[in-house]
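Novice: Chains as they are written, first to last, in our numbering: chain A, 1 to 138; chain B, 1 to 212.
If you are wondering where the hints come from, they were derived from the structure by calculation, not from laboratory data. Be aware that one or more of the hints could be misleading.
Said to hold, decoys possible - If you only want the chain B side, here are some residues facing chain A, beta carbon under 7 Å, derived: (1) F2; (2) A4; (3) N36; (4) I51; (5) V80; (6) P84; (7) I89; (8) L106; (9) F108; (10) G141; (11) P202; (12) G203.
What the hints assert, rightly or not - In silico PhoX-like pairs for lysine-lysine, Cα to Cα no more than 25 Å straight-line: (13) A/K68 <-> A/K110; (14) A/K19 <-> B/K32; (15) B/K37 <-> A/K46; (16) A/K42 <-> B/K58; (17) B/K58 <-> B/K33; (18) B/K189 <-> B/K58; (19) B/K95 <-> B/K32; (20) A/K42 <-> B/K74; (21) A/K74 <-> B/K93; (22) A/K19 <-> B/K95; (23) A/K15 <-> B/K58; (24) B/K189 <-> B/K37; (25) B/K189 <-> B/K95; (26) A/K110 <-> B/K33; (27) B/K93 <-> A/K46; (28) A/K42 <-> B/K93; (29) B/K32 <-> A/K15; (30) B/K189 <-> A/K15; (31) A/K42 <-> B/K33; (32) A/K19 <-> B/K33; (33) A/K58 <-> A/K110; (34) B/K33 <-> A/K46; (35) A/K15 <-> B/K33.
All C-beta atoms, glycine included, are put in the ideal place defined by N, C-alpha and C.
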Amino acid sequence: MLSNYEVYQLLTDLKEQRKDSGKNKHSAGQQNLNTIMYETLKYLSKTPCSRQNPETVKNFLTTMVPHKLTKAEKLQLLNHRPETAVEIQLMVEESEERLSEEQIEELIQKVTDVLPGDPEQEGATPSNETEMEEGIDQ
Amino acid sequence: MFVAVEMVDTVRISPWNFQRQFNEAIAEELNKKLANKVRGFNLLLCVGLCICLYDITKLEDSYIFPGDGASHTKVHFRYVVFHPFLDEILVGKIKYCSQEGVHVSLGFFDDIVIPPESLQQPAKFDEAEQVWVWEYETDEGAHDLYMDQGEDIRFRVTDEVFLDTSPTGPSAAATDTSAAPGAEGGQKKEPPYTLLGTISEPGLGLLSWWNS
Chain A
1 MLSNYEVYQL LTDLKEQRKD SGKNKHSAGQ QNLNTIMYET LKYLSKTPCS RQNPETVKNF
61 LTTMVPHKLT KAEKLQLLNH RPETAVEIQL MVEESEERLS EEQIEELIQK VTDVLPGDPE
121 QEGATPSNET EMEEGIDQ
Chain B
1 MFVAVEMVDT VRISPWNFQR QFNEAIAEEL NKKLANKVRG FNLLLCVGLC ICLYDITKLE
61 DSYIFPGDGA SHTKVHFRYV VFHPFLDEIL VGKIKYCSQE GVHVSLGFFD DIVIPPESLQ
121 QPAKFDEAEQ VWVWEYETDE GAHDLYMDQG EDIRFRVTDE VFLDTSPTGP SAAATDTSAA
181 PGAEGGQKKE PPYTLLGTIS EPGLGLLSWW NS
């Protein structure tokens with residue numbers, strides 16, 4: 001499985017490469033690739049992955065370790081950056097049995113702290129910041 | 001929603017491309033063949049919508065056959081494919097509503113339907129405005145929530161349908177998808193890859209319904 005971030009990165013790099021090489025991007029055969037790249041980048045650029053980098057992804061996976069989530073669950077949290085309990089419950093299977101209310105809050109806090117949010121949406125800085133786990137910056 | 005799928009294919013490079021960097025020529029041929037196309041049955045498994053080349057893992061020897069000046073190389077590679085897993089949560093935009101349900105698009109992939117039974121209930125179809133409406137009940141009475149075109153919608157993937165769109169004979173026109181992502185509503189034939197979804201859970205449906 002690939003995260004949205006990995007695909008976003010790949011397409012952005014490919015776009016740069018093709019810009020540099022110049023010729024025959026517009027030939028009939030390349031039209032499909034152009035279309036799919038343009039549309040996919042357009043979609044992904046409006047999601048949290050466009051603000052992620054290898055550091056944030058690595059930090060995120062580290063902070064997720066104690067929660068024992070499946071790969072698919074972590075992937076969805078990474079791709080969507082949920083900010084509410086309702087969203088967490090959609091992405092984590094049987095969350096009522098596996099996570100207490102405090103744990104859900106903890107997850108939301110970690111997700112919104114580690115993964116960059118939309119600067120347009122976020123006005124003031126958060127009033128209470130959770131302490132980040134030590135040792136994330138290696 | 002994306003996977004890197006391992007594939008093997010023989011790539012043909014025409015002689016007029018021999019001066020190019022070999023890997024570049026291979027990459028271009030693969031993208032020409034696969035990008036923006038749905039690969040379903042030719043690889044004996046249902047793959048999804050192909051996006052772009054991920055990497056080349058192995059290049060076998062290249063051969064030139066008698067009568068054809070081009071080179072043929074067996075290439076092992078991985079391709080980025082759009083193929084959401086069952087129960088995955090996705091966000092898209094409402095394209096339009098019909099009796100069949102709410103049609104959602106991701107821009108690069110268009111063929112997503114939320115059927116009427118998977119909408120937040122009770123729901124009714126407003127014929128005049130051609131829009132589905134959630135008749136949300138509160139203590140003060142029913143509140144009509146319209147599922148308008150262009151609205152952002154969060155849904156869960158419940159099923160996928162792959163259809164064989166290969167040509168059936170001389171009477172059928174070429175069925176390879178056009179440059180448009182997936183298959184456009186204008187084409188009369190069924191799209192090769194369709195996703196079915198549901199929004200009948202707390203947190204699903206229009207984002208505006210759940211954002212305070």
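Novice: Does each hint fit the structure? Answer for all of them.
Specialist: Each hint, compared with the structure:
1. About 4 Å separates the beta-carbon of B/F2 from the nearest beta-carbon of chain A, less than 7 Å, and the hint is met.
2. About 6 Å separates the beta-carbon of B/A4 from the nearest beta-carbon of chain A, less than 7 Å, and the hint is met.
3. Among the interface hints, the one on B/N36 holds; its C-beta lies about 4 Å from the nearest C-beta in chain A, closer than the 7 Å criterion.
4. At a threshold of 7 Å, the smallest CB-CB gap from B/I51 to chain A is about 6 Å, leaving the interface hint in force.
5. Annotation: B/V80 was flagged as interfacial toward chain A, and the flag holds, the nearest CB pair being 6 Å apart, inside 7 Å.
6. Taken as an interface hint, B/P84 does not check out: its beta carbon lies about 10 Å from the nearest beta carbon of chain A, beyond 7 Å.
7. The criterion of a C-beta within 7 Å of any C-beta in chain A is met by B/I89, whose closest approach is roughly 5 Å, and the hint holds.
8. For B/L106, the suggested interface contact is upheld, since its CB lies about 5 Å from the closest CB of chain A, less than 7 Å.
9. A least Cβ separation of about 4 Å between B/F108 and chain A falls short of the 7 Å threshold, and the interface hint therefore holds.
10. Residue-level restraint check for B/G141 is violated (minimum Cβ-Cβ distance to chain A is 24 Å; threshold 7 Å).
11. Look at B/P202: its Cβ gets to within about 5 Å of chain A, closer than 7 Å, so that hint holds up.
12. Of the supplied interface hints, the one on B/G203 holds, with its beta-carbon coming within about 4 Å of a beta-carbon of chain A, less than 7 Å.
13. Between A/K68 and A/K110 the CA atoms are separated by roughly 14 Å; this keeps the pair inside 25 Å, and the hint holds.
14. Taking the CA atoms of A/K19 and B/K32, the gap is near 17 Å; set against the 25 Å cutoff, the hint holds.
15. Of the supplied pair hints, the one linking B/K37 and A/K46 holds, its CA atoms being roughly 24 Å apart against a limit of 25 Å.
16. For the proposed pair A/K42 and B/K58, the alpha carbon gap of about 31 Å is over 25 Å, so the pair is violated.
17. With a CA separation close to 18 Å, the supplied pair B/K58 and B/K33 stays within the 25 Å bound.
18. Using a Cα cut-off of 25 Å, the hinted pair B/K189 and B/K58 is violated, with the two alpha carbons roughly 37 Å apart.
19. Restraint check for B/K95 and B/K32: the C-alpha separation of about 28 Å exceeds 25 Å, so the hint is violated.
20. For the suggested pair A/K42 and B/K74, the alpha carbons sit about 33 Å apart, so the restraint of at most 25 Å is broken.
21. Simply put, A/K74 and B/K93 have alpha-carbon atoms about 24 Å apart, close enough for the 25 Å limit, and the pair holds.
22. Between A/K19 and B/K95, the direct Cα distance comes to roughly 31 Å. Violation of the 25 Å bound is thereby established for this hinted pair.
23. The hinted pair formed by A/K15 and B/K58 meets the criterion: a straight-line CA distance of about 24 Å does not exceed 25 Å.
24. Our distance criterion of 25 Å between C-alpha atoms is met by B/K189 and B/K37, whose separation comes to about 16 Å.
25. Annotation: proposed proximity of B/K189 to B/K95 holds, straight-line Cα distance about 19 Å (limit 25 Å).
26. The straight-line distance between the Cα atoms of A/K110 and B/K33 is roughly 42 Å, outside the 25 Å bound, and the hint therefore fails.
27. With a CA separation close to 12 Å, the supplied pair B/K93 and A/K46 stays within the 25 Å bound.
28. Proposed proximity of A/K42 and B/K93 is supported: the alpha carbons are some 13 Å apart, at most 25 Å.
29. Taking the CA atoms of B/K32 and A/K15, the gap is about 15 Å. The hint holds against a cut of 25 Å.
30. Pair hint B/K189 plus A/K15 does not hold up; C-alpha atoms about 32 Å apart against a cutoff of 25 Å.
31. For a cut-off of 25 Å, the pair hint linking A/K42 to B/K33 stands: about 23 Å separates their Cα positions.
32. Annotation: proposed proximity of A/K19 to B/K33 holds, straight-line Cα distance about 21 Å (limit 25 Å).
33. At roughly 13 Å between alpha-carbon atoms, A/K58 and A/K110 fall within 25 Å of each other, so this suggested pair holds.
34. In summary, the hint linking B/K33 to A/K46 is not supported, as the alpha carbons are separated by about 28 Å, beyond the 25 Å threshold.
35. A C-alpha spacing of about 18 Å is found between A/K15 and B/K33, which places the hinted pair at or below 25 Å, so the restraint holds.
In this structure, the earlier hints numbered 6, 10, 16, 18, 19, 20, 22, 26, 30, 34 are contradicted, and the remaining ones agree with it.
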